[in-house]
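First to last, the protein sequences are chains S and U.
When you line the first sequence up against the working numbering, it's residues 1 to 482, in that order.
When you line the second sequence up against the working numbering, it's residues 1 to 269, in that order.
It is worth saying that the hints were derived from the structure and are not from the lab.
Values in this document were obtained by computation on a predicted structure and should not be read as measured data.
Just so it is clear, CB atoms sit at the ideal spot from N, CA and C, and this is done for glycine as well.
Among these hints, one or two may not hold up.
[As the list claims (entries may be wrong)] Far from chain U, some chain S residues (derived; all Cβ distances over 10 Å):
#, residue
1, 156
2, 178
3, 223
4, 291
5, 296
6, 316
7, 362
8, 398
[Stated by the list, open to error] Cβ-Cβ distance ranges computed for the label pairs, FRET-style:
#, chain 1, residue 1, chain 2, residue 2, range
9, S, 213, U, 22, 28 to 34 Å
10, U, 84, S, 36, 49 to 55 Å
11, S, 122, U, 84, 46 to 52 Å
12, U, 254, S, 297, 39 to 45 Å
13, U, 39, S, 252, 47 to 53 Å
14, S, 273, U, 250, 30 to 36 Å
15, U, 250, S, 215, 35 to 41 Å
16, S, 297, U, 42, 52 to 58 Å
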Amino acid sequence: MEPRRSLPLAVVGVSHRTAPVEVRERMAFDTRDAEEALLRLRATSGVEEAVLLSTCNRSEFYLFPTADRRGLAAAETIFRERAGDLDRPTADFLFRRHGEGVVRHLFQVSSGLDSMVTGEAEIQGQVRDAYERATSLPVQPPMAGPVLNRLFQMALSVGGEVRAETPIGEGAASVASVAVELARKIFGSLRGKRVLIMGAGATAELMVEALARDGVRGIFVANRTLEHAVPLAERLHGHALSLDRLGDALPAVDIILSSTSAPHPVLTHALFREAFPRGRRRPLLAIDIAIPRDIDPRIGDESEVFLYNVDDLRKIVDDHVRVRAGAVPAAERIIQRHSEEFRSWYASLEVVPVIRNMRERAESHRQTEVDRLFRGLDHISPEDRARVEAFSRRLLNKFLHDPTVRLRKGMLEGGGAELVDAVRFLYGVEGGAERGENPEALLGVEGTPEIDEIPRHSHDMTTPPHSDTMSGRDPSRPKETE
Amino acid sequence: MIHLLAFFLYLGAFLLWIRFLVSGARGDGPNLASGVVGLAVVAHAVALGSFWAEHGELPLAGPGAALSTLAFVGGLALLALLPVRQVSRVGVALLPFITVCQGIALLVGIQPSDQALAFQGAGFILHVTFAFLGYQGLALASSAGFLYLIQHHELKAKRMGRFFHFIPPLATLDLLGQIGVWVGFVALSLALGFGWAWTVQHPEVIALSDPKVLWAILSWVVFAAVLLLRRGRGRREYRSALASVVGFSLVLGSYLVVRLTSPGSGFLP
Chain S
1 MEPRRSLPLA VVGVSHRTAP VEVRERMAFD TRDAEEALLR LRATSGVEEA
51 VLLSTCNRSE FYLFPTADRR GLAAAETIFR ERAGDLDRPT ADFLFRRHGE
101 GVVRHLFQVS SGLDSMVTGE AEIQGQVRDA YERATSLPVQ PPMAGPVLNR
151 LFQMALSVGG EVRAETPIGE GAASVASVAV ELARKIFGSL RGKRVLIMGA
201 GATAELMVEA LARDGVRGIF VANRTLEHAV PLAERLHGHA LSLDRLGDAL
251 PAVDIILSST SAPHPVLTHA LFREAFPRGR RRPLLAIDIA IPRDIDPRIG
301 DESEVFLYNV DDLRKIVDDH VRVRAGAVPA AERIIQRHSE EFRSWYASLE
351 VVPVIRNMRE RAESHRQTEV DRLFRGLDHI SPEDRARVEA FSRRLLNKFL
401 HDPTVRLRKG MLEGGGAELV DAVRFLYGVE GGAERGENPE ALLGVEGTPE
451 IDEIPRHSHD MTTPPHSDTM SGRDPSRPKE TE
Chain U
1 MIHLLAFFLY LGAFLLWIRF LVSGARGDGP NLASGVVGLA VVAHAVALGS
51 FWAEHGELPL AGPGAALSTL AFVGGLALLA LLPVRQVSRV GVALLPFITV
101 CQGIALLVGI QPSDQALAFQ GAGFILHVTF AFLGYQGLAL ASSAGFLYLI
151 QHHELKAKRM GRFFHFIPPL ATLDLLGQIG VWVGFVALSL ALGFGWAWTV
201 QHPEVIALSD PKVLWAILSW VVFAAVLLLR RGRGRREYRS ALASVVGFSL
251 VLGSYLVVRL TSPGSGFLP
């Protein structure tokens, strides 16, 4: 049997799997850049639908259709121009996927399976933002047309389903989120709690931003040189102080985040005892991600102090990551099921013009034969002519009913592509739908939810790509890199 | 029969909490367990109401009836906690006490007191009601303290496993413990006051040197000690949690001693 045709979809881009951060950051797009890139892509390549997903871990163009390689080439040109001079060709960092691989890839991305931290939730919102950005571009036809519209809507839905039905997103899986979870388990509400940051590292800043989202107020930034503490303190609406005044701040704070590059402990046991001569009365969460450690480990022996170093946090994260990794097979099964669903939906678009052409051809034959019959039967009354006409129509419908129903069923069950080929061959018909055609009427599937959701404004919602492009046998198709 | 139903419902609710804990304890608490607690309290209320209607006395005197009412007060306290997210998980530690109280009540028999006429009047009812409230306050503080100690241990051991996810935050447990001890202390103080007044009025029923009276005074001292231990230097919350657990164990232990040394005395908790 002929292999299934691939979908005329493509994705090209960079991700944390294919490019280091120095390359990814060059190829990242902010909102304005992304909009300009999409408009340019359409203007230069004629691609009908495109969505650009750009996060700190990936920048990816989703394209439809990919009848020729102009869309892919244009997207690669955009990446090349943004990357500028690299020590290797830009193409070395790009990955490409085609057909159903695009569907699976996007579903994996939205489910967090392709994220640096498996199951992370932010990607769901980033996929939604990318889709909405493409949808809101004031161009006609819409940048996220019926196919990508359907694909991204399903991706968001699949992402939600995977998170609801598997433990893929359970347990904190980043140092910052572990810090927040620990703080919640110690203090309950973080509203009004005070944080001391020692050093001005990026991870500590990420952690304090996460804590601030939970209501932490009163942030102190301590650094060896006061001037270096001021910018971060201003950014976090906190207070800057030098490390010499650490002892003054200690009694006031509930959480300490430390990441200095000092070669010896900054918060010594003696300093702690000096700050709390009668012992600490309230709990203190101390997170030390510096190497060498900033906080004397003996401080962790104090009953009300919960001290975690970078290895402790890494172990917690690893435990959670293992739980998440165990959920991947179940998530993949959900993704596979919905990929098939998308494939069937797309096939339904392909089969519509075939059915229409098949019926038109049959109707043409019927009309020709009925006219020929009546030319030798002038004595027949108009009533009898009408009866013969009705009989021929009924007969035609009887003959076409089963093929139509079976074609529709085969398409919904995922084997539509082969059946479409067979019908084309047997009936000598071609595809080629006209604009605005309603697939429901021809398929006899009124009320089918998937089809009801197709936006009616699109001019080419039922336009299947040319059959050559559907064959999946394009010799010029680039090799998938991932 | 309805008392037995209440017992099994309390037991069922406890097992549902345990199942939730063992299965990973993530997400919201099991609504099913909360619903079963609600049913248990309703069934228990019906059972105690039937007792009152049938025997013409409140189920406050006699060991079985008193223990069953004590369990009911615990059920009510737990029911009041259920709407508070996460706090309801204290049920996993409080429900065993409630279930055991109801179980013992069923074993010794929930019968009217032989001295029903003596154990009546507003003073006696207030004494017993406040006493129940006091002991349940300490039971609640002890449950919260028990969970606090486990959570504290998990945090110190740097484990984020089932217990870590199931048990409420330390601050929440500490607050709950404080509320339990303070409510219990005030209630038990009032209970002792009403009890003393009632004893003065009915010297023929119970003497001030009776083991039960001594036990009540010891309980009050335990409460006071738990409150005092919260003061002082360092480890305030930890000490408070530990004191609640030890104090409640002491009260329960002394109850057993008194109960065993004066059988059939119409013991009142």
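Comparing the hints with the structure gives:
no., hint, verdict
1, 156, "holds (21 Å)"
2, 178, "violated (8 Å)"
3, 223, "holds (28 Å)"
4, 291, "holds (18 Å)"
5, 296, "holds (17 Å)"
6, 316, "violated (5 Å)"
7, 362, "holds (58 Å)"
8, 398, "holds (56 Å)"
9, 213/S x 22/U: 28 to 34 Å, "holds (32 Å)"
10, 84/U x 36/S: 49 to 55 Å, "holds (52 Å)"
11, 122/S x 84/U: 46 to 52 Å, "violated (30 Å)"
12, 254/U x 297/S: 39 to 45 Å, "holds (43 Å)"
13, 39/U x 252/S: 47 to 53 Å, "holds (48 Å)"
14, 273/S x 250/U: 30 to 36 Å, "holds (34 Å)"
15, 250/U x 215/S: 35 to 41 Å, "holds (39 Å)"
16, 297/S x 42/U: 52 to 58 Å, "holds (53 Å)"
Checked against the numbered hints above, the structure violates hints 2, 6 and 11; every other hint is satisfied.
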